[in-house]
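Peer 1: Listed in order, the protein sequences are those of chains A and B. By the working numbering, the letter at position 24 of the first sequence is numbered 24, and the numbering carries on one by one without gaps. By the working numbering, the letter at position 703 of the second sequence is numbered 703, and the numbering carries on one by one without gaps.
Keep in mind that the hints are not guaranteed to be accurate.
[Said to hold, decoys possible] Ranges between beta-carbon positions, derived for each pair: (1) A578(B) / D109(A): 21 to 29 Å; (2) E108(A) / A15(B): 37 to 45 Å; (3) P601(B) / Q58(A): 16 to 24 Å; (4) M7(B) / R128(A): 37 to 45 Å; (5) D109(A) / A192(B): 52 to 60 Å; (6) E108(A) / T56(B): 51 to 59 Å; (7) D109(A) / A408(B): 57 to 65 Å; (8) E108(A) / D151(B): 22 to 30 Å; (9) R128(A) / A43(B): 45 to 53 Å.
No lab work stands behind these hints, which were simulated from the structure alone. Even glycine gets a Cβ: it sits at the ideal position worked out from N, Cα and C.
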Amino acid sequence: MSLVLALCTALLFSLGTWLLLQRRLTRIIIGLGLIGHGANLLLLLSGGRRGVAPFIGQIGERTPADPMPQALALTAIVIAFGVTAFLLALAYRSWQLTGDDLVEDDLEDRRIAATRSTASDEEVADQRELSAAEAALESSTGGAAPLEEAE
Amino acid sequence: MLIALVMAPLALGLALLAGGRALGRRSFAVAAVAPFAVLVAAAASAGRVLDERPLTASLGWVPALDLSIDLRLDGFSLLFVLLVAGIGTLVQLYAGRYFGAEREGLHRLAGLLLVFTAAMLGLVSAASLLTLFVAWELTSITSYLLIGWTDGDPKARASALQALLTTGLGGLAMLGGFVLIGQAAGTYDLAALAAHPPTGTVVEVGLLLVLVGAFTKSAQFPFSAWLPGAMVAPTPVSAFLHSATMVKAGVYLIARLAPIFAEQGAWRPVVLAVGSLTMLTGGWRALRQYDLKRILAYGTVSQLGFLVVLFGAGFPEATAAGVVVLLAHALFKAGLFLVVGVVDHQAHTRDIRRLGRYGPGWAGPMAAAVICGASMAGLPPLIGFLGKESAYDAFLHGDIAGGGVVLAVLVGGSVLTFAYTARLLAGAFRPGVWTEGIAEDAEAAIDPPPAPRWSFWAPAGLLATLTVLLGLVPGLASKLVDVAAHDLDPSGEHVHLALWHGLNPALALSALTVGLGVLLVVGGAVLARLQQRLPDTAWGEQAFLGAMRGLNRLADRSTGLFQSGSLPVYIGVILLTAVVVPGWALLQAPMPDLPPLVSGPGDWAAAALLVGGGIAAVVVKHRMAAVLCLGAVGYGMALVFALQGAPDLALTQVCVDTIGAVVFVLVLRHLPTWFADVPSRVSQASRLAVSAAVGVFVFAFILVAVGVRVDPTISTEFIARAYEEGGGRNVVNVVLVDIRGFDTMGEITVLAVAAMGVYALARLSRRDRRASTPGASR
Numbered sequence: 001m002s003l004v005l006a007l008c009t010a011l012l013f014s015l016g017t018w019l020l021l022q023r024r025l026t027r028i029i030i031g032l033g034l035i036g037h038g039a040n041l042l043l044l045l046s047g048g049r050r051g052v053a054p055f056i057g058q059i060g061e062r063t064p065a066d067p068m069p070q071a072l073a074l075t076a077i078v079i080a081f082g083v084t085a086f087l088l089a090l091a092y093r094s095w096q097l098t099g100d101d102l103v104e105d106d107l108e109d110r111r112i113a114a115t116r117s118t119a120s121d122e123e124v125a126d127q128r129e130l131s132a133a134e135a136a137l138e139s140s141t142g143g144a145a146p147l148e149e150a151e
Numbered sequence: 001m002l003i004a005l006v007m008a009p010l011a012l013g014l015a016l017l018a019g020g021r022a023l024g025r026r027s028f029a030v031a032a033v034a035p036f037a038v039l040v041a042a043a044a045s046a047g048r049v050l051d052e053r054p055l056t057a058s059l060g061w062v063p064a065l066d067l068s069i070d071l072r073l074d075g076f077s078l079l080f081v082l083l084v085a086g087i088g089t090l091v092q093l094y095a096g097r098y099f100g101a102e103r104e105g106l107h108r109l110a111g112l113l114l115v116f117t118a119a120m121l122g123l124v125s126a127a128s129l130l131t132l133f134v135a136w137e138l139t140s141i142t143s144y145l146l147i148g149w150t151d152g153d154p155k156a157r158a159s160a161l162q163a164l165l166t167t168g169l170g171g172l173a174m175l176g177g178f179v180l181i182g183q184a185a186g187t188y189d190l191a192a193l194a195a196h197p198p199t200g201t202v203v204e205v206g207l208l209l210v211l212v213g214a215f216t217k218s219a220q221f222p223f224s225a226w227l228p229g230a231m232v233a234p235t236p237v238s239a240f241l242h243s244a245t246m247v248k249a250g251v252y253l254i255a256r257l258a259p260i261f262a263e264q265g266a267w268r269p270v271v272l273a274v275g276s277l278t279m280l281t282g283g284w285r286a287l288r289q290y291d292l293k294r295i296l297a298y299g300t301v302s303q304l305g306f307l308v309v310l311f312g313a314g315f316p317e318a319t320a321a322g323v324v325v326l327l328a329h330a331l332f333k334a335g336l337f338l339v340v341g342v343v344d345h346q347a348h349t350r351d352i353r354r355l356g357r358y359g360p361g362w363a364g365p366m367a368a369a370v371i372c373g374a375s376m377a378g379l380p381p382l383i384g385f386l387g388k389e390s391a392y393d394a395f396l397h398g399d400i401a402g403g404g405v406v407l408a409v410l411v412g413g414s415v416l417t418f419a420y421t422a423r424l425l426a427g428a429f430r431p432g433v434w435t436e437g438i439a440e441d442a443e444a445a446i447d448p449p450p451a452p453r454w455s456f457w458a459p460a461g462l463l464a465t466l467t468v469l470l471g472l473v474p475g476l477a478s479k480l481v482d483v484a485a486h487d488l489d490p491s492g493e494h495v496h497l498a499l500w501h502g503l504n505p506a507l508a509l510s511a512l513t514v515g516l517g518v519l520l521v522v523g524g525a526v527l528a529r530l531q532q533r534l535p536d537t538a539w540g541e542q543a544f545l546g547a548m549r550g551l552n553r554l555a556d557r558s559t560g561l562f563q564s565g566s567l568p569v570y571i572g573v574i575l576l577t578a579v580v581v582p583g584w585a586l587l588q589a590p591m592p593d594l595p596p597l598v599s600g601p602g603d604w605a606a607a608a609l610l611v612g613g614g615i616a617a618v619v620v621k622h623r624m625a626a627v628l629c630l631g632a633v634g635y636g637m638a639l640v641f642a643l644q645g646a647p648d649l650a651l652t653q654v655c656v657d658t659i660g661a662v663v664f665v666l667v668l669r670h671l672p673t674w675f676a677d678v679p680s681r682v683s684q685a686s687r688l689a690v691s692a693a694v695g696v697f698v699f700a701f702i703l704v705a706v707g708v709r710v711d712p713t714i715s716t717e718f719i720a721r722a723y724e725e726g727g728g729r730n731v732v733n734v735v736l737v738d739i740r741g742f743d744t745m746g747e748i749t750v751l752a753v754a755a756m757g758v759y760a761l762a763r764l765s766r767r768d769r770r771a772s773t774p775g776a777s778r
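Just need the whole structure built from these sequences, with the hints factored in.
Peer 2: What follows is the structure in structure tokens.
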């Protein structure tokens, strides 16, 4: 554990976040890679001590490094690789469909966000129809269709 | 046996729903068997129950949570069971005549009616609050399905939803109330609650919540709007659910709880005020309706207010009067609905301005309607008269605060009842009484409708007969009413029903009611003008519509806000949350000591690779170069691993980075060489802010996390045991394959899934290519 490496970890997270917030899938993947590296470093550093490789029989009187964070980091490296491969496949697919790897906004979500009034709500429309029918029944102008049609 | 009583209609109902399509209209005849069997069984056990030996049954439900379905059949429950099963049988038989044979979905209607019957039976025989709640919600849901049975009609859908939302929200409040009361008392059992009533502020709040539930279910002011709307349901459904049985569930609950809790908190003033208001506004609004069913609907609202006043007052005489009115109301209101259904069916209208001319063969249904109506208006010698008399009598002698005002309200409400009964009967059976708004041509009044078959109006006739019989020979129901009232409130004296109690103040009030009622009918024109001038009190409907609109708008707005459709926004929000929430906890931690600047000479070299590669990966605009920079960071990581005593990680990192670079190249060769700038909704400044916040948070986190370690690391044990138990010298490997083997198993699974995903995506592209070249697939 050293201040320099701690600062490196923080920087890797920062840079990764910056890339993650971009719209190019390639940059997002690189950003994820940086964050993954940062996370592994974090695991290792929080293990605390620096030492010799934890090989039994070769440690002797020296302090061994903590094997626990190492095992976790090893798992993380491999999974990060799997995720990267999958995202790259997605980027490839995106290129095939659009010729680019741009992450577009969801059009439906944008439409809802832009809606300023409850335009086409079916419950409210139904309710209006009912209210109109009831009002017609109670008014003395009459002639309204009954609420329920009998056989 | 009690369990079977509830389960038999449920089973038959579900069977009809599942496989009754072929039966068509005959479903009703099949369905009638279940409530009839219940009626017979209940009548058979009546002797025992009336002997004050209630039946009980219990069925394990979730033993682990100590939940069970507890049923208990005492006198009051028996009264309800008889009403539900009896009217349920009649309504099923009636529905068989009401609907045309060609109508679709009749088996669904019959099945739903049976499921509702079962829920209602469960509700009125529930021994614990939780069982009652489950049955209560089931009645709400079946009511929703039954009102919305004609699902192609927007009016039916709207009023079904209104009923469900109103009663559903009330049910939710009620559940909260049940939990408060149950936790305060330590039991949910009704009998135990009655024996040792809990007290305190919590219980008082709980009672108010329960009352909200009861008020919504029984369409009390200001929740009454849904009930007239529910009249879009077919008439058999209206007759069964929305007049005779389900809407009385709220009354039932109030009747059960009032003797226990009436003295507590705001119970009595709230119940009396709400019931009174409902009785008056319901009657008033019934007087401006032109649709027969809606006159009855508002009349039902008014009568429910009456019942709430009687049962909610919580003293024995009023409770006993409530039992009589309840019985009377179920008989006459169901009867009236059934006759209105017959008229509607034959004449194809329910408008009182068009009805009134009938040919021969209508004497039977007319007589039934007049008898039921007279009972509703409180005329002797009918059961309705007995109910009204005992109600007046109870409040004449009852010793509660505001009793005089309540009595005045009861008289006023009964006058209104008399008047709307007259409007109903005269409107249905006499021509030309109301002509407002109908064009001045001969077509306004319809031709005399064809006479109904006797079997069509027979159920109404039977109910009318009972109305007369119980009025003339009150002794028939005396025992049942007495035991029911006594089971509700054991402190009361025994009740003896009689038609003639001598000349007493109650009789005088009855005479006054009839007199004022006649005046109101005669002065109908004045009343109509007054009604026209006064604004309609339909603000319950308006409030509901407004609430619906507001809710939808809120949903739209919040969806627009949180679901903006932009990936960077989502990630930004997630990251900020992940930083702010634990960051707050970090601020509470003690200030850690700073570690040494470097722990060895290699740190500088590794840091140079990490920082240089990282910054370059962000800055360069050349796609391939950016990927290579990422690779440089990876090699920097490998160096750190090697320095920190993790050779396995260093090796893995180098391998992964090398293979990763190859995969990148495979994809990137297709994509444009340079990153083009993309305009985005997230500004560069806010990206920078989020990135900086994440970096600062991680830095603080490392310092604090390293500093707060208190226990020795678990891996000392790993090192000690790795060789003996794991059989390996490399401790990290032993951890992976042995000590934390399941972790590795999960890791392999993730890799396998990712590999399948990659393979599928790659195959997809091959298929596209084949499809885009015509003839290639052949």
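Peer 1: Each hint: holds or not?
Peer 2: Against the structure, the hints come out as follows:
1. As the Cβ distance of A578(B) to D109(A) is approximately 22 Å, the hint placing it in 21 to 29 Å holds.
2. The hinted window of 37 to 45 Å between E108(A) and A15(B) holds, with their beta carbons roughly 42 Å apart.
3. Checked against the given bound of 16 to 24 Å, the beta carbons of P601(B) and Q58(A), roughly 22 Å apart, stay inside it.
4. Separation of M7(B) from R128(A) is about 42 Å and conforms to the stated range, judged on CB atoms against 37 to 45 Å.
5. At roughly 53 Å, the beta-carbon separation of D109(A) and A192(B) lies within the given 52 to 60 Å, and the hint holds.
6. For E108(A) paired with T56(B), a C-beta distance near 56 Å keeps the hint of 51 to 59 Å intact.
7. Taking 57 to 65 Å as the suggested C-beta distance range, the pair D109(A) and A408(B) conforms, at roughly 60 Å.
8. Roughly 27 Å separates the CB atoms of E108(A) and D151(B), a value that falls within the hinted 22 to 30 Å.
9. Evaluation of the 45 to 53 Å hint for R128(A) and A43(B) yields a pass: the beta carbon distance comes to about 48 Å.
The structure shown violates none of the earlier numbered hints.
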